[in-house]
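Produce the complete structure using the sequences and hints provided.
For the working numbering, add 344 to where a residue sits in the sequence shown, where the first one is 1.
Don't read these hints as lab results, they were simulated from the structure. Check each hint, because a few of them may be wrong.
[Unchecked claim] Okay, the calculated beta carbon distance ranges per label pair:
#: 1; residue 1: S434; residue 2: W513; range: 49 to 55 Å
#: 2; residue 1: A422; residue 2: D449; range: 22 to 28 Å
#: 3; residue 1: W513; residue 2: K446; range: 34 to 40 Å
#: 4; residue 1: K471; residue 2: R420; range: 25 to 31 Å
#: 5; residue 1: P432; residue 2: W477; range: 44 to 50 Å
Note that the structure is predicted; figures quoted are calculated from it, not measured. We put the beta carbon where it would ideally sit given N, CA and C, even for glycine.
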Amino acid sequence: MPYIRRFQDLVRTANQDRVSGGSQLAASWPRPPAYRYEILDLNSQVGNCIPLADIRMGTLVHDIEYHPGKGAMLARAAGTSAKIIKEPASQCLVRLPSGVEKLIDSRCRATIGIVSNPHHGARKLRKAGQSRWLGRRPIVRGVAMIQWIILMEEVRGARKEGRPSVSPWGKPTKAGLGQ
Numbered sequence: 345m346p347y348i349r350r351f352q353d354l355v356r357t358a359n360q361d362r363v364s365g366g367s368q369l370a371a372s373w374p375r376p377p378a379y380r381y382e383i384l385d386l387n388s389q390v391g392n393c394i395p396l397a398d399i400r401m402g403t404l405v406h407d408i409e410y411h412p413g414k415g416a417m418l419a420r421a422a423g424t425s426a427k428i429i430k431e432p433a434s435q436c437l438v439r440l441p442s443g444v445e446k447l448i449d450s451r452c453r454a455t456i457g458i459v460s461n462p463h464h465g466a467r468k469l470r471k472a473g474q475s476r477w478l479g480r481r482p483i484v485r486g487v488a489m490i491q492w493i494i495l496m497e498e499v500r501g502a503r504k505e506g507r508p509s510v511s512p513w514g515k516p517t518k519a520g521l522g523q
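Quick look at the structure:
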């Protein structure tokens, strides 16, 4: 297995890496050096999309296919990741962000790493209209509506006064459909 030798170059401010075999990498790595000599596993680099059969146990992955060749379906939301628990011959056991463990075909592909923007869910809306920009409609309690709407919806045991039950948009709601 190839390895990396990391050393300080006197001419440059960045470290220089030399992979076994003589080729040189002039760019510094985006993480601090942990060891002077490291084992280099080319399959385990963050961002690689490879079959589950080639990924080690305990690796965090995202954008997992559920059926081979169908595209990513699992662990796609911001800040999420799944963990590979076991890898039998034909299927891998994966723990999803919900905590559910699923057996997935080993030929399915997954991307190594965690989806970016983990603080997406903690974002506050600045104004009421911003939730409308996101396509969410307001939710109004029946008690807070004006009286004729309450009668139309038969809230709090009010008597029906000749008008069939309809939704707030005027569509019939009950099984009678306007009887």
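**OP:** Return the numbers of the hints above that this structure violates; sort them in rising order.
**Re:** The structure breaks none of the hints.
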